[in-house]
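Chains as they are written, first to last, in the numbering used here: chain A, 15 to 265; chain B, 15 to 265; chain C, 15 to 265; chain D, 15 to 265; chain E, 15 to 265; chain F, 15 to 265.
To be clear, the hints were calculated from the coordinates, so they are not data collected in a lab.
The reader is advised that the hints may include incorrect statements.
The list makes no distinction among identical chains, and a pair is therefore deemed to hold if it is satisfied within one copy or across any two copies.
[Claimed, not checked] DSS-like mimics (lysine-lysine), calculated; alpha carbons at most 30 angstroms apart, straight line:
(1) Lys-96 with Lys-165
(2) Lys-165 with Lys-179
(3) Lys-96 with Lys-38
(4) Lys-234 with Lys-190
(5) Lys-190 with Lys-72
(6) Lys-179 with Lys-190
(7) Lys-72 with Lys-96
(8) Lys-234 with Lys-38
None of these values were measured; they are calculated from a predicted model.
For reference, the chains in residue letters:
There are 6 protein chains.
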Amino acid sequence: MSDSTLRRPDGRLAGELRPISFVKNIAPYALGSVLIRWGNTQVICAVSCEESVPRWMKEQGVQGGWATAEYSMLPYSTLGRKPRDITRGRLDGRSQEIQRLIGRSIRSVLNREALGARTLYVDCDVVQADGGTRAASITGAFVALKMAVRKLLDEERIWEDPIQKSVAAVSVGILKGRALLDLDYQEDSAAEVDMNIVMTSSGEFCELQGTGEQVTFSEKELQEMLELGRRGIYRLNELQEVAFLEGEKGD
Amino acid sequence: MSDSTLRRPDGRLAGELRPISFVKNIAPYALGSVLIRWGNTQVICAVSCEESVPRWMKEQGVQGGWATAEYSMLPYSTLGRKPRDITRGRLDGRSQEIQRLIGRSIRSVLNREALGARTLYVDCDVVQADGGTRAASITGAFVALKMAVRKLLDEERIWEDPIQKSVAAVSVGILKGRALLDLDYQEDSAAEVDMNIVMTSSGEFCELQGTGEQVTFSEKELQEMLELGRRGIYRLNELQEVAFLEGEKGD
Amino acid sequence: MSDSTLRRPDGRLAGELRPISFVKNIAPYALGSVLIRWGNTQVICAVSCEESVPRWMKEQGVQGGWATAEYSMLPYSTLGRKPRDITRGRLDGRSQEIQRLIGRSIRSVLNREALGARTLYVDCDVVQADGGTRAASITGAFVALKMAVRKLLDEERIWEDPIQKSVAAVSVGILKGRALLDLDYQEDSAAEVDMNIVMTSSGEFCELQGTGEQVTFSEKELQEMLELGRRGIYRLNELQEVAFLEGEKGD
Amino acid sequence: MSDSTLRRPDGRLAGELRPISFVKNIAPYALGSVLIRWGNTQVICAVSCEESVPRWMKEQGVQGGWATAEYSMLPYSTLGRKPRDITRGRLDGRSQEIQRLIGRSIRSVLNREALGARTLYVDCDVVQADGGTRAASITGAFVALKMAVRKLLDEERIWEDPIQKSVAAVSVGILKGRALLDLDYQEDSAAEVDMNIVMTSSGEFCELQGTGEQVTFSEKELQEMLELGRRGIYRLNELQEVAFLEGEKGD
Amino acid sequence: MSDSTLRRPDGRLAGELRPISFVKNIAPYALGSVLIRWGNTQVICAVSCEESVPRWMKEQGVQGGWATAEYSMLPYSTLGRKPRDITRGRLDGRSQEIQRLIGRSIRSVLNREALGARTLYVDCDVVQADGGTRAASITGAFVALKMAVRKLLDEERIWEDPIQKSVAAVSVGILKGRALLDLDYQEDSAAEVDMNIVMTSSGEFCELQGTGEQVTFSEKELQEMLELGRRGIYRLNELQEVAFLEGEKGD
Amino acid sequence: MSDSTLRRPDGRLAGELRPISFVKNIAPYALGSVLIRWGNTQVICAVSCEESVPRWMKEQGVQGGWATAEYSMLPYSTLGRKPRDITRGRLDGRSQEIQRLIGRSIRSVLNREALGARTLYVDCDVVQADGGTRAASITGAFVALKMAVRKLLDEERIWEDPIQKSVAAVSVGILKGRALLDLDYQEDSAAEVDMNIVMTSSGEFCELQGTGEQVTFSEKELQEMLELGRRGIYRLNELQEVAFLEGEKGD
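So that you can see chain A by itself, here it is in the shape it has in the complex (with noise of 0.2 angstroms):
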């Protein structure tokens, strides 16, 4: 059995997050927006709005708004410059994937009756990758969400707060046989299993993505795993809700 005390190479316990803070306002022609850093991962996160909702909304007949989401890494935000997307005329399997995730998250505590015939789009652009940046982005949206909502509701252009709870994500996995909460890129990269946790503040699942590579993994490391990421997630909404309300009443 692995030993709780046992330190890891940045100095953290193996249920331990790296530390997180916010930045608002980063992008002020959005509605919403933070900097996110997380150890040394840094993601832009911005909420804009438009009035009007998707086509298959339309044709489909489905009422009220929708939410969606644009993940992209800055080509300076790896050690080693990252080619853009547009360079290679279209969007990496990883970079949809994430998107999607970020999307569904986002959707997952929205009334989406409530918000209206209007699309909110939530961009993360990764300034710096150092493993986690999905967990960032959902974590840092889902702050700037609250901006771009209070800012609706302040200019009355919706009357109900769609928001439902709260969100946030966390990456846990299994390293050398022993489960640890929140890689950074050098442990998920020797890791043996990634798994992504996304969990209202209510305890819920919106989402679970565990995958081995090679090695794989038994249901008791599930549990394992599953058990640090929930108090990871309570930990993240604490977090949250602190930068939400800083300099809210004072701004």
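Position chains B, C, D, E and F against the provided structure of chain A, taking the given hints into account.
What follows is chains B, C, D, E and F alone, placed relative to chain A:
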């Protein structure tokens, strides 16, 4: 608590798979191929082989072989014709996500060193889509993979079997609060939660993807779905084995 | 003069077709579908229907319906895997040329007014390619078209049969100076001249495409090829009729 | 039977070509170039040369040279501006089909071994389109080819003339039941049958493409069209020869 | 100080233009067209007209008409064949920059209200490129524009001449420290500074683009270049006027 | 004549810059990076380095290194979300023009031989766009370049400083007949003339781009704009120097 004897629209019990069968050698120019019929879902799974590895493996000096997958829905696979990917000029996000999942699943049971410096291409083309196409693709692809590897061994292109265990996939979900195995298209559209389980014959997970759109799911529901999935996978392993052995001797 | 009793590598005489059979309803969600097996060539032909016409017809005020075709070679249809069109980002010239030919051939036997303001999509996907894929596509597509039209009549979406006569296609060629019917891949690669004939059941041409690469062909050779082609088409018309009628009553 | 003395709208007899002329060296940086004027149709045909062969030739070890063609309609070539290919992002099917035809026609009269390991690019850009642009392209391209080959010989880059015979092309068709040579745009739009004939100076076919949309054509009509075409080709061969020789000595 | 009597490689003085001529109606289906020959540079300039305006004008409620330009180098316009834009799938940056410049230049002399709700397309296709293709394009396009507008007036599609003044363009540069007018390709490649001047007949600037790659340029050099450019533009205005009037009466 | 004491909407005088500041190391994985804040315009400028040169340099045997730039507006940088380039599949013309300008500006102050056989990538991503994004990109990019070069020197990858002088850029324009320095978005939209000046610390021009849409500009107005621009550039040089030195010693 849900009544385990309650029948589903097509007469199945909560933990029952749809009828599954395999037509082998549907594409004789591939190294291995099957048409998997899973209820009304039909997928051509074919494995081809090229005597080279991707450029990134050469550049990074990674030894052994590789396996990659491509997934596509043929335009007549849906009620209401689905335009081809090439018409839109790019692969949609869902297809990219699925083909990455198929690729990881196949690689998770392959000893890539024993494969040598070659690439296996797993092509999955959906002829009829009635839910569970990704589960059918992975389950069928493994049978095609076994056939392909058998041929490589017979032709003495490899000397050691690179397949370490078998792999299969199945969907589970929560519909009206009840956990169900193997959702068809109607059930999948109405389900609150949708989960895909990719598992080996030794009962370990390769992949676990659970998604709740709008409705989230609890720890208890997760455990119920995992239990149904585990039993479904065991049954699929048996069907794969029978399909592979069929006609092998007299062929 | 060439000896008419001389056997070809697979035992056929100069004017003999390869064995041909049809599997109906291969894609049950299409309006009509067959898998045509023509020697080692196999093509899925499926006809779908949309209740609208192309924009140019509306803009130009053209009455009646339309039929269009798409042709694709599945990656495992060739010895040596063929990359998908989507990988290159665009359809190659040969595929475009073939799908335009299939479209023209189908339209040449359709009374577009009787079809009403709808579009028929003819999809031809090659599962195995051993020469003559365009002939197999047209010949199979006509059977799928008959099935689709029968269903439209049965469902009372149309009241008059828009099919005016039957259409089939076959290749002929000159190989080592000898005119041959229905070339397989080996023969086609070595042939001096390659000609495709698309003809109706009334013995009239829809399309005639004869090509000599490097070697040109004389008036006399043209006439020999036309004679072989005509006889092949008559035989194909019979096979199409039998396939269409099969199981019709008791279905 | 049709009256052979009946005049067409522009005063021509059934078997008469439109006026044809050539402006040589329209694009002086090409190895050979002409502007062919064929009635109101005008095409720039230019031949360039690169000292390498396509990759597939190297990979397959094919000896000798290659010739390939590109065809494009300039946006001001039609009544009503035609958007450029680049605006749509890809070449339309018709243009691809035509450039493949031009390429095959040119290769059919070339001794590729005598050309050596180089590639000839035949570019055909339509300045004005009034029907018969593919015939004009092939007929003009051959004159540009002769000029280019003469320059290669003069510069002692090759020592043997790779041109084995001349090639030209013309359209024929059936309009109101009457076979006509060289259809202009108006006639072509109204014609029941449209046939392109590419033929060498020795009276052999390179290519024969006959198409009936809606209306099919009989054996007898085919023979009438072939006879008209043959006579048109002989006249074109003379015009090409005169154009090539013009100014050659004193240039 | 530079010797103003020093001859350039082709015999020109520092402030002398290359020989310039115009062939009118090169593309008779356009509303107006010229082939401008400017030394060894040749460009087809054609103006077409569509009876609609861009979508953004409708959406923003902008009144009047629009003019837009497209620029392309034909593959045989350079020594060493230049691949077509369509081969690369997109327009290169240089071409986009030039066509935006042509569009702005043409619009700067147009009264868009007098044009009415229509769009003029200015197409510039380079047949031979020996430096100064953007200057030749703008200078030639203006003549084509005058021809097109004359036709619109004659056809009573517009009643007021929307052309307010004439516009022309020329390049100037610094080569070995000496200011030169109208650089050919050889001079342009060697020049330290390259400047394009677009100017009206009233001596005002539409556009000024001066670029120093590696070597920068001083205030004094700027003034010398401006002086040479101004004189070149006056001469071009005269040549445009003569070309436009030529044959106007008897045509 | 215009009154030099007249205040602009934001209180600035005609020749006054907006407030400008720099946040260094915004993207720590780049070699050098700043966030430049210029009024309400914000741009991330980052410089990365690859140990190779473009293919054309190798092919043409050009010695030394290269610098290239990419420019993009993040979707939340504008009031009203701007769709990403990748959504449209290609870079728009304006962005291409700007990134070519940034590249030329940076190269104009680099000694490419001293750089050695490596490529510097200058990435400019606009976080907030309120006019002058190209000026901010060039001005910020130079500071990031200095930081990157300092690191290359410190790491002894180069031994000689390849930066020969500093470079900055600013916009000037004519608004209601009055010459103004540094236009914000509102002023830029209403301006009759827009000019960008890129200039070195030695007072020489790298680039001069003046554009009048609809309204042209006179020689006198040109001289007024040049004078304003020159003074703005001197002030920018000072700000760049301060920003670069800040924290350098204690870092």
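Quick rundown of the hints versus the structure:
1. Lys-96 with Lys-165: Classified as between: cross-chain Cα gap 20 angstroms, same-chain 35 angstroms, threshold 30 angstroms.
2. Lys-165 with Lys-179: within (18 angstroms within a copy, 47 angstroms between copies)
3. Lys-96 with Lys-38: both (27 angstroms within a copy, 21 angstroms between copies)
4. Lys-234 with Lys-190: both (15 angstroms within a copy, 29 angstroms between copies)
5. Lys-190 with Lys-72: Between copies only: 27 angstroms across, 51 angstroms inside.
6. Lys-179 with Lys-190: Close across copies (22 angstroms), not inside one copy (36 angstroms); limit 30 angstroms.
7. Lys-72 with Lys-96: between (38 angstroms within a copy, 19 angstroms between copies)
8. Lys-234 with Lys-38: neither (40 angstroms within a copy, 37 angstroms between copies)
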